[in-house]
Amino acid sequence: MAKLIGTPQKRKEDPKLITGNGNFTDDIKLPGMLHGAFVRSPHAHAKIIRIDVSKALALPGVVAVYTGNDLVGKVKSVPTMWLLPGADLKPKDRSALAQGKTRYAGECVALVVAENRYIARDALDLVEVDYEDLPAVVHQEAALLDGAPLVHDDVAANLALLWKAGEVPEEEFQNAEVVVKQRLYNQRVIPNPIETRGAVAQYNPGSGELTIWCTSQNPHIHRMVYAGVLDIPESRLQIVAPDVGGGFGSKIATYNEEAVIGHAARDLKRPVKWIEDRKEHFMATTHARDEVIEVELAGKRDGTFTAIRVKNTANLGAYLSTFGAGCPTIDFGLMVTGAYTIPKASVVTYGVYTNTTPTDAYRGAGKPEAAFQIERIVDLFAQEIGMDPVEIRQKNLIPAEAFPYGTAMGVSYDSGNYHYTLDRALDIADYASLRAEQKRLREQGKLLGIGVSTYVELCGFGPSKVAGAIGFQGGVWENSTVRVHPTGKVAVFTGTSPHGQGTATTFAQVVAEKLGIPIDDIELISGDTRSVSMGWGTYGSRNTAVGGAAVAIATDRVIEKAKTIAAHELEVSVEDLEFSNGIFSVKGVPTQSRSFQEIAKSANFAWNLPDGVEPSLEGQSFFDPPNFVYPFGAHICVVEVNVQTGEVELKRYIAVDDVGRVINPLLAEGQVHGGVAQGIGQALWEGAVYSDNGQLLSGTFMDYTMPKARFFPTIESHFTETPSPVNPLGAKGVGETGTTGAPPAVVNAVMDALRPFGIKDLDMPLTPEKVWRAMQTRGENA
Amino acid sequence: MTCKKNISLSVNGVTRQAEIEPRLLLAHLLRDELNLTGTHIGCDTSQCGACTVMVDGDVVKSCTVLAVQADGKEVTTVEGLGDMEQLHPIQQGFWEKHGLQCGFCTPGVMISMIGLLKENPNPTEEEIRDALEGVICRCTGYQFIVSAVQHAAQLIAEGNAVKETTMSTGEGR
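Line by line, the protein sequences are chains A and B.
Per numbering that gives the first Met the number 0: the first sequence ends with 781, consecutive numbering throughout.
Per numbering that gives the first Met the number 0: the second sequence ends with 172, consecutive numbering throughout.
Honestly, the hints are just simulated from the structure, not real lab data.
Predicted, not measured: the structure shown is a model, and the values here were computed from it.
Be careful, since some hints might not be right.
Unchecked claim - So the derived list for chain A, only partly shown, Cβ under 8 Å to chain B, looks like this:
hint	residue
1	Tyr117
2	Pro192
3	Phe247
4	Asp276
5	Arg277
6	Lys278
7	His672
8	Arg709
9	Thr713
10	His717
Said to hold, decoys possible - With a straight-line Cα cutoff of 30 Å, these simulated DSSO-like cross-link-like pairs (lysine-lysine) come out:
hint	chain 1	residue 1	chain 2	residue 2
11	B	Lys117	A	Lys707
12	B	Lys3	A	Lys54
13	A	Lys15	B	Lys117
14	B	Lys117	A	Lys9
15	A	Lys54	B	Lys72
16	A	Lys28	B	Lys3
17	A	Lys278	B	Lys3
18	B	Lys72	A	Lys28
19	A	Lys15	B	Lys72
Backbone N, C-alpha and C fix where the C-beta goes; we use that ideal spot for every residue, glycine too.
Generate the whole structure from the sequences, applying the supplied hints.
In structure tokens form, the structure reads like this:
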């Protein structure tokens, strides 16, 4: 059988994209289509005193203007979908359009609908809104203080949730030989896919069917939520994610704008389009991270870790976003012990409302923050006892023979060989030579730094009963149908919703290898709730590990049925048949055979099927994974800090990742590059900045530093392969490795470079100014 | 607002006429009026470069140019580069070397890199990275974009070599 799994293949997605024939949401044009634009609050916290839409309505070409009051009883608030248990959760949902109050700058106050997008924009300026400005609170620690402004009047101290897990007796720290403590700030970042959000909605007044094309990573979740918000049966609501221009977590959440556009189309009985502009995107689409993490690591002088306790004060923004409650709690908390044998651990998370854009998932969602705190504190521990950061890791990494490994946080790491991955990275980097070079350069006054991170992350959530136990409002299984047409060409349906991952190619590789047919005979169908019966989407590195597993199982079921039919035609028993390279043949008599295509025709024509076998050739699987998967890796970053300017120059970046079985090494490497670029972006350049009164100062690409090509050296990406026992592909997930592994590797490298200055820690992003100032004060303020 | 302008321009070699508002952006003319939706819009401040097209051979960001400024000019968009029967070397490069993931920035990035290759047919990695300054890709980390451009440069060089060979042997006249 042609070997396809594990080989680099050009993408099936690319021909349309490189010739300008993609179909993104903004490319959709329907007869009679109107255009929407949202009036947004310029204030972070304000009472709405009066809204006058008369001037806007009078503008020729304006068709309608909606305010919050117009939507009462028609469009409900958009609910959060992670109802974390045992955390005294106080969910506050985004209303469709603000009513009475606005709670962050950028919150939707009104919708203008007009004949074209220019008129809609003109009309925004004609909607008069009188506000009474209220004191705003932006930072989570300030929001918890007595007397802080309340974002929601009925949420005391702005505390949305208080979550605790694990226990460590106080003596573990009191009696420890070494305790290292650090306060870390994992700053707020903005996902910023290059395609902003958008929606096109069309309503059929006769059938009552509503279709919304929108930028979604999980159209079935959008359908389930918007069906409730718009009070429309799920069966009459179709959500289509056409080509989606990146998501990185920001297109998981369900938002109010898409629902309001759906309502406008229903109300006006004309299609309506809304496309976010970039400035809106900065304010209206979810932000992420923004966690103050205080970590204490206890251990012995010989470098053995004994206990960790962590406090996370997380900024959730003004409302509880779709999966906002889960990121700083479950996603973060379960991973605080990282890749190490730490027998005792505890976590407490304060989730806090502030007058800022709601936070939710961003590539990694909680796991990068967990990796960051453990990898930073491990380095500080090593520094405290005078041990090399590699040696302390080698001493504490979970040994290969300990898998599956139950952690102090109660999860079971599926498989791994952490020492091997670290060894590979050390070899590639030539670590010993790097240290020698560092010593030599330090003598010349040059600041070379070497940073290591040995991360592990939790991906591919499952099984669904665990989702239920942690309050995730949905399942985490995945669905695939493999449908064989009469000609033997194959349609693969998946409930995941790829948006750049190359899934049409990787899934085709799996199916083509199993069926022994050309990749070109296989098409992937995804992203449409009418085509795919159900599914949970693409996020959390679940696409291949869960969605791909469902595809593999469904394909096996096709083969099983086809074999029964082939055996019947060849008048032998199924046991006497073998299937190879797309041919069913009688064992030992290769001339007696049927091709896969012949059986496809037989199955679909159904002229001569065995008794009890139904017509057609389809396999379906609903795969609920028995456990999470745990990708891991070792990243090494080499930097040089400019003594004069504080600039950080990236000299080398080595990523050795173990994502289980790799389906397509070319695409896997692409995922690593992109993830590492975003991870380095957070470490060195990116960060959302609010003024004290809640204005987003970093609100355009002119103010928010998006990583550019010239910022990076060639990333040296390598894989080790430890298959996961959790799914039939052995895959673990590759999408989030870079954002998890890179920030601590980079920050550890810069801190290593700055050691002659006695600087222990600086908050990300490590801008030249911050580094320069720290060098001037020799770390006194750091 | 109501005073409309007639313009005539060549888009991908075809003469197109349009009656437009003077404030209409070239990006919107291409996408909304001429249905050439391969050119994308990713920001409002001409940073991301997803909207990059060629006007009279110059690389420009079409979200920052008025359509009336393109009156009488020759515009090339991604749709004019090549089709699946005959891909432009830059398209070939992006496909072969996995230079795209979500593909949203790709049309602008490809056009922008054609601009580079016209000026510098054999750029180093550093020169390519510098030339990518005008575009933002959030997916790829740029590394395979660099590989794609290098591959395209090689294909163009080989293509030129073939042309020169056929010329010198007198074939294909």
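Hint by hint, which ones does the structure fall short of?
-> 10 and 15
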